[in-house]
Amino acid sequence: MSLLTIVKLELKFISAQGMTSLLILLYPLILMMVVGPIFSNMGAKGVTIALYSTVHENFPNFESQELIEFDTKEGMINSVISGQSVLGILFTTDESGRRRMYTYFDPQKEVVATSLAMQLQGKLADLSADLVETNLVSIHGSMKDLSKEVDGQLQKIPQLRANLKQNKANLEQLRGSMQNSDAVATTNMLSQMRSDAIGMSEGISNMRQKLSSWEDTINQISTYDSKLQYYDGRLAATDSQLFTLQNKLNAWDIQLQQRIAQLDSAYATLGTYLTIVSQVRATSTGAAQTQLITVENGIIDSRNQILSARNDLQSMRSDIQNSQAQIAVARNDIQSARNDISNTRASLQTTQANARSDLSYTRSQMDDASNKLIIAQNNLEKAQANLNSFSVLSQSMNTYLVESSAQLDSLDQDISRTQTLLQSMKSNIGKFVENDPRKYVPLKLESLPERRTLRPIDSIFPALLGLVSLLSCLLLPPIMSVKQKTQGLRFRMKLSYASTFSIVIGKFIGDYIAGLIQVMVVALLGAIFFGINLSANPLAFSFALFLAPAVFTAMGTLLSAFVSNEGSAVLSSLLVSMPMLFLSGIMLPIEQIQGAFKTIATLLPLYNVVEMISKTTVRDAAYYAVENYFVVSVYTFAFIVLALIFWHRKE
Amino acid sequence: MGIAISLDNVSVKYGAYLAVSNCSFEVEEGEIFGLLGSNGAGKSTVMKVISGQIKPTAGNFKLFNRQLLSAYEIRKIIGVVPQEYSFAFDFTVAENLELMISLYDFGGQKHDEIFDRQIQNYLLSKKTDVRVADLSGGYKRLLNFALSTIHSPKIILLDEPTVGLDPEIRSTIWETIRKMKQNGSTLILTTHYLEEAAFLCDRIAIIFKGAILAIGTPASLIEQYGGDTKIFLQLSANAEQMAEKAKKVKGVISAISDDRLLLLTCVNSDVAKIISTVYKMITDENIAVKDSYVKEGTLDDVFKAIVGREIGVKA
Ligand SMILES: Nc1ncnc2c1ncn2[C@@H]1O[C@H](COP(=O)(O)OP(=O)(O)O)[C@@H](O)[C@H]1O
Ligand SMILES: [Mg+2]
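From first to last, the protein sequence lines stand for chains C and Y.
Here the first sequence is numbered in the numbering used here, starting from 11 and rising by one per residue.
Here the second sequence is numbered in the numbering used here, starting from 235 and rising by one per residue.
Calculated directly from the structure, the hints in this document are not laboratory data.
One thing to keep in mind: the hints can contain errors.
As a list, the in silico DSSO-like pairs of lysine-lysine whose alpha-carbon atoms are at most 27 angstroms apart [unchecked claim]:
1) Y:K484 - Y:K529
2) C:K495 - Y:K247
3) C:K166 - C:K436
4) Y:K296 - C:K660
5) Y:K388 - Y:K464
6) C:K504 - Y:K388
7) C:K454 - C:K133
8) Y:K247 - C:K504
9) C:K493 - C:K258
10) Y:K464 - C:K660
11) Y:K344 - C:K504
12) Y:K247 - C:K660
13) C:K495 - Y:K484
14) C:K495 - Y:K310
15) Y:K310 - C:K504
16) C:K504 - Y:K296
17) C:K504 - Y:K289
18) Y:K415 - C:K504
19) C:K660 - Y:K310
Please read these numbers as outputs of a predicted model, since none were measured by experiment.
Please take these sequences and the hints and turn them into a complete structure.
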């Protein structure tokens, strides 16, 4: 039962070791909990793809990846070289216009890049398939329908053609029998004409009666003329009487004129007397003067009477002159009335003569028309008879026309149906034809000739170098520290005059030199035994080679501040290095890591060390290693400072 | 002679554990002061306080009457010889010594002088090129001394300097320690070897569970706490009778016999006088003393008396 005892002993020891055992047993669990999510959330998502496209066509959208478009091929290639993009794509057309897609990727990232490229190809194939499906398939469907329809139409065509032939024959026949005929209209016209002819002959006899009454009227014009002659005579007599009156009034006027002249001279004479009298009166006095005044007043009275008599005469004269003027007007009126009468008579006589001649001409014409009408009536009778035979033909023609019209309608429907089908087919074909036929061809992926290829050992070498450096440099300082501690050297240093700074930095430099020699040897071995090309960027690579052990040694120096024995030294460096290893892109491509882990990963020292080594060697992108140098340097500095702080605190 | 080290009510706690409590003592310049106590009594802790490796939780401590010295000042004054071997096992003696001399920033001429002096003082001249791991325990101790005294410290702390060594080597070490004293250093050594304390120390402090229970020269301590002297005598005959007689001798506390064995217990003082009196008494009766053994009061007894148990049992 010693076996059981040993088992018990072992278990007891494990439980007795407390923290160490707990760490040993718990750490893998913790690691699993860290690594688990990384692996469970794997798959290249959110990976950057660089695209340079010369094709004016939308590149398929990669929902889960980020597509960055570049204006130049160099830009795209640089994006890959710098590590910004995992896959570069040149989307272009060749001389013959065929679409071409070239891939470019860092050979170190071949796995991820190739899988992305395959995904992309799948996407493109899907697009082609979609195109084919949406276009060809629908065209095919409509063609199928069309084909059926066309079959139906084709079967109908012989019947249609027969119908058409029949129609044609019928119409031909009709045309023969109906040449020059317009039967119904003509019939109607004829009957109209016949009734018109009857109406016309009635009209003619009415007109004859009218013509007789017109003749009476014309004869009556002679009576009016003689009456006018009589009125003219009367007017002439009145005029001569008025002339006599005129002369008499003239004579009266002259006499009145003479009387007025006499009165005027009497008035003047009296005026002269008056002047004399007034002169005398002025010189005379007394009675004589009084008498003279009386005489003066008598003369003034007489003169006033003469003046009033003269004015009366004068007004009489103006009355006479007015009368004279009225008479002259009356005589003019009479003269114009007589002129009118004479004109009227002349025109009446002319009118009568013309009317008579017209009448006789009209009578002769009417006689002629009447004769012709009789002849026409006879002809119309005959035409009617002919037309009656037409109406029979017309009816049969109508029937034919109705039939052919229906047939033509159905023919029209068929044709329009065919038209619709052909149109839909045309639109489908149009859609199909719209696309460049080369689009239907799934794209092949080809590699850009610029792309380098690496041997697996070339790809893995930077990681190897980084890993070797990590494991050694991380472990060396704490292990040495523990060794020195157990041998009491820590204690000795502490009590010597050496400062913490000297102790920490000195230790760091010592371990660093060892680490540096180690990576140099590894690099040299790589170059000699595996033919790794380290001469691409010798200066940049040397710098990376110097930095790599520095950061891990600094980290190890920091760890040394906390570890007390070799177990905890190994355990703690394991604790630190394992997650870094998982997140360094060595175990699984960093592009496959998702979310925050990816960000963390790209910020961890190991990733940056591997990156700077690979950029300065196999990837030949030394320029882009600057950022990694920076990160690594910052870490180195930070670890050293922290190491100083913690060492100092511990003392 | 002044006071090199003085502790005044110094207490040290490790967490809640009181490792040293209200510890007070003074060490005079040039003396060897011993801290005697079982494992875990707090000896090393006291040493660490003095060497500035830990700060006391309470109380004051002075070096040459100066308090609150900086770590660097303490380092210059004190040389600590730790309980454990403290050197690089894979280096040779010379390499170790050279390394430490460099750490003390002694260069050039001084370096070589110190090197030679230490090799000489610590008897390492034949071992300079020996890998330290291959050294015997005694030389390892000596190297430990050598490495701690490079800077000729005024005070040297020796923590259990002979633990685990065989008696022959131990005496060599003791000699070396005496020489260190002769060279003018003040020494404090801790030990749980009573005879070591008795042999080396001018004064001893007995420490138990972190507390100093007694301080004094070994003789005064034995006198005070050492108890009675026991005298064993193997007689040819008449042991019973002689016991009765011996009881009457002055200074004899008790006398018992068993067969021919006579055991006397007497006071510590006048032991020589008692022995001669008893011897005369026996030979007067024509009885021969076939064998004898005198067990005087020792530090063991002192320790037992003070602590209540034997040393070596963990406190
Ligand atoms: N660093 C420490 N932490 C906790 N306890 C300690 C520490 N060092 C010593 N001790 C404890 O303090 C007590 C005194 O220890 P120490 O001074 O080494 O005793 P000694 O040297 O007398 O054997 C012991 O019980 C020990 O277990
Ligand atoms: Mg101790």
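| query | Is the Cα-Cα distance between K504 of chain C and K388 of chain Y 27 angstroms or less? | reply | 18 angstroms, holds
| query | Is K495 of chain C within 27 angstroms of K310 of chain Y, Cα to Cα? | reply | Distance ~22 angstroms between K495 of chain C and K310 of chain Y Cα, so the pair holds.
| Does K484 of chain Y lie within 27 angstroms of K495 of chain C when you go C-alpha to C-alpha? | Violated: K495 of chain C and K484 of chain Y sit about 61 angstroms apart, past 27 angstroms.
| said: Run the distance test for K310 of chain Y versus K504 of chain C: straight-line Cα separation, threshold 27 angstroms. | reply: With Cα atoms ~12 angstroms apart, K310 of chain Y and K504 of chain C stay inside 27 angstroms; holds.
| field | 27 angstroms limit on alpha-carbon distance, applied to hinted pair K388 of chain Y and K464 of chain Y | value | This hinted pair is violated, its Cα atoms lying about 42 angstroms apart.
| field | Satisfaction of hint between K504 of chain C and K344 of chain Y, Cα-Cα up to 27 angstroms | value | 22 angstroms, holds
| said: Please verify whether K296 of chain Y and K660 of chain C have alpha carbons no more than 27 angstroms apart. | reply: Between K296 of chain Y and K660 of chain C the Cα gap is close to 24 angstroms, so the pair holds against 27 angstroms.
| field | Given pair status - K289 of chain Y, K504 of chain C, alpha carbons within 27 angstroms | value | Satisfied, since the Cα-Cα distance of roughly 15 angstroms is no more than 27 angstroms.
| Does K133 of chain C lie within 27 angstroms of K454 of chain C when you go C-alpha to C-alpha? | Holds, at roughly 12 angstroms.
| Are the Cα positions of K495 of chain C and K247 of chain Y separated by 27 angstroms at most? | Cα-Cα ~23 angstroms, so holds.
| field | Agreement of K660 of chain C and K310 of chain Y with the hint, judged by alpha carbon distance not exceeding 27 angstroms | value | 21 angstroms, holds
| Straight-line Cα separation of K415 of chain Y and K504 of chain C no greater than 27 angstroms? | 25 angstroms, holds
The structure is inconsistent with the numbered hints 5, 9, 10, 13, although it conforms to all the rest.
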